[in-house]
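Here the protein sequences come in this chain order: A and B.
My numbering puts the first residue of the first sequence at 22, with every later residue one more than the last.
My numbering puts the first residue of the second sequence at 469, with every later residue one more than the last.
These are calculated hints, taken from the structure and not from any lab test.
Model, not experiment: these values are computed from the prediction.
In silico DSBU-like cross-links for lysine-lysine, where the CA-CA straight-line distance does not exceed 35 Å: (1) K42/A - K485/B; (2) K512/B - K36/A; (3) K33/A - K560/B; (4) K485/B - K33/A; (5) K604/B - K33/A; (6) K630/B - K42/A; (7) K512/B - K44/A; (8) K33/A - K599/B; (9) K42/A - K539/B; (10) K525/B - K42/A; (11) K476/B - K44/A; (12) K36/A - K492/B; (13) K604/B - K44/A; (14) K484/B - K33/A; (15) K484/B - K44/A; (16) K33/A - K525/B; (17) K36/A - K630/B; (18) K474/B - K42/A; (19) K36/A - K476/B; (20) K44/A - K547/B; (21) K599/B - K42/A; (22) K44/A - K559/B; (23) K44/A - K560/B; (24) K126/A - K257/A; (25) K44/A - K539/B.
For the chain B half of the interface with chain A, some residues (derived, Cβ under 10 Å), not all of them: (26) F507; (27) Q595; (28) I597; (29) I600; (30) L611; (31) I612.
We treat Cβ as the ideally placed atom computed from N, Cα and C, and that holds for glycine.
As a plain string of letters, each chain reads:
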Amino acid sequence: MKNLNTQLNNLKNIKPGNDYKNKNRELLLTQIYNTAEAKPADFSFGFSAYFQQFSSDFVDLIAQPAMVVGLVLVSILGGGLFGATASKGTKPGDSLYVAKRISEKTQLALTFGEKEKVQLRIGFAGNRVEEIEQVLADNKQNEAETKKTVDDLVNNVKSEVGAAKTGLQKISKNANINAKVTEKNIETVEQASTTKTAQTKNEEDEVFSANLGKENAGISTKEREVVVVKKEEDSKALLTQAKESLKSDDVAQTLSALEKVDEAIDKTVDSGEVKGVEETATTTELKK
Amino acid sequence: MNSGIKDKILFRKLEKKDKDAFVKAYDYYFDDIYRFVYFKVGEKETAEDLTSSVFLKTWDFILNNSISDYKTLRALFYKIARTTIIDYYRKKSTQMEEAVDTFDYLDIKDEGQDLESKIDTKMDYAQVIEKIGELKDEYREILILRFVNELSVSEIADILEKEAGNVRVTIHRALNALKDLMK
Numbered sequence: 022m023k024n025l026n027t028q029l030n031n032l033k034n035i036k037p038g039n040d041y042k043n044k045n046r047e048l049l050l051t052q053i054y055n056t057a058e059a060k061p062a063d064f065s066f067g068f069s070a071y072f073q074q075f076s077s078d079f080v081d082l083i084a085q086p087a088m089v090v091g092l093v094l095v096s097i098l099g100g101g102l103f104g105a106t107a108s109k110g111t112k113p114g115d116s117l118y119v120a121k122r123i124s125e126k127t128q129l130a131l132t133f134g135e136k137e138k139v140q141l142r143i144g145f146a147g148n149r150v151e152e153i154e155q156v157l158a159d160n161k162q163n164e165a166e167t168k169k170t171v172d173d174l175v176n177n178v179k180s181e182v183g184a185a186k187t188g189l190q191k192i193s194k195n196a197n198i199n200a201k202v203t204e205k206n207i208e209t210v211e212q213a214s215t216t217k218t219a220q221t222k223n224e225e226d227e228v229f230s231a232n233l234g235k236e237n238a239g240i241s242t243k244e245r246e247v248v249v250v251k252k253e254e255d256s257k258a259l260l261t262q263a264k265e266s267l268k269s270d271d272v273a274q275t276l277s278a279l280e281k282v283d284e285a286i287d288k289t290v291d292s293g294e295v296k297g298v299e300e301t302a303t304t305t306e307l308k309k
Numbered sequence: 469m470n471s472g473i474k475d476k477i478l479f480r481k482l483e484k485k486d487k488d489a490f491v492k493a494y495d496y497y498f499d500d501i502y503r504f505v506y507f508k509v510g511e512k513e514t515a516e517d518l519t520s521s522v523f524l525k526t527w528d529f530i531l532n533n534s535i536s537d538y539k540t541l542r543a544l545f546y547k548i549a550r551t552t553i554i555d556y557y558r559k560k561s562t563q564m565e566e567a568v569d570t571f572d573y574l575d576i577k578d579e580g581q582d583l584e585s586k587i588d589t590k591m592d593y594a595q596v597i598e599k600i601g602e603l604k605d606e607y608r609e610i611l612i613l614r615f616v617n618e619l620s621v622s623e624i625a626d627i628l629e630k631e632a633g634n635v636r637v638t639i640h641r642a643l644n645a646l647k648d649l650m651k
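Modelling step: build the complete structure from the supplied sequences, incorporating the hints.
And the structure:
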């Protein structure tokens, strides 16, 4: 049957003679140019004629469904890529900041695998920490606004770190590597960190109260900012450490680093509040 | 360029009665339409006359009608070719007596073959042409459309105004009939 198909296909070689074809072409050309209305722009030349021809061909070409789908995809992906790059160094309040957050969300949605997601979340937490630094360094907003922005960012860091921790727990469960021991470790780490955070808070509250009692005894604004920035740097270093630990599949180490980030960020909030808004302490405490 | 895309571009231009597009369509489809007509009528001269007539009729049709109802330009050419042949037979009122008058058009290009196998191949082609001429018109038409001019089943269904399943069955039967004739 296959041979028969080939033999049939070879009948393609049957073609009209060239003489006849060419003569007929000329005849047809004469007929159609005589019967049809004259084309108004037949003799036009130059840029406009070229552009007209090009645009009509181009429109015809892009009118194809495949081309339309292709162009839409290119503009979405290209636009996304451009947007993501342009919005990279933005901070809250900037016009492209929304694009940055959307691109992060998209990245997360398009990432499969718990480990990769945890890595992304740690990275995003790092971004928020950087933004806190930028917001504090940039004194364009008034204090109340700055505080609100920083609070939002801190909450975001916490939620990212929380999600990363949940992811890590999932990884350790799935990997089934000393599952029980790891969980116990997590509990111990969590308990330890909670106690430590509580202790740190108490100590800081004491210092804070003590400072309030003295005139000019509180840390000057600049100094406070230095403290905050320093703590942000601590958080950043800890996040990097968590990332490194995750790379070497050390779940317990990553978790412990993340716990430290939590602590560091708590301290940041407390130090930030020395800026003079007393109620914030209570609010932040309540949020926890 | 993909033949489907080329067809669509030409089709769009012809919807606007573009003469240059029709000349391009002539260059693009002339051989296929000629071959289709040739196997339907079995005579070189008649095939030439009818093919010329098909292109003039198509241009006339495009000028005076909207072609938007047709799926492809190729389908439009084949449909007009079929009606032209039907009209020709109505006028002539005789059926094709001789299958194919000659196979001199066959161009066997494989120079590496020895003379004996060349003759064998030519004999094979001659046999296919002869036997295809003995098939009933419906079978011959569908084999040419599918295996020589390489139209898809859905395109053939559109041209013949039949269901795709029906077309597949006819193709299968036509191939078996040709196979039986060649035994």
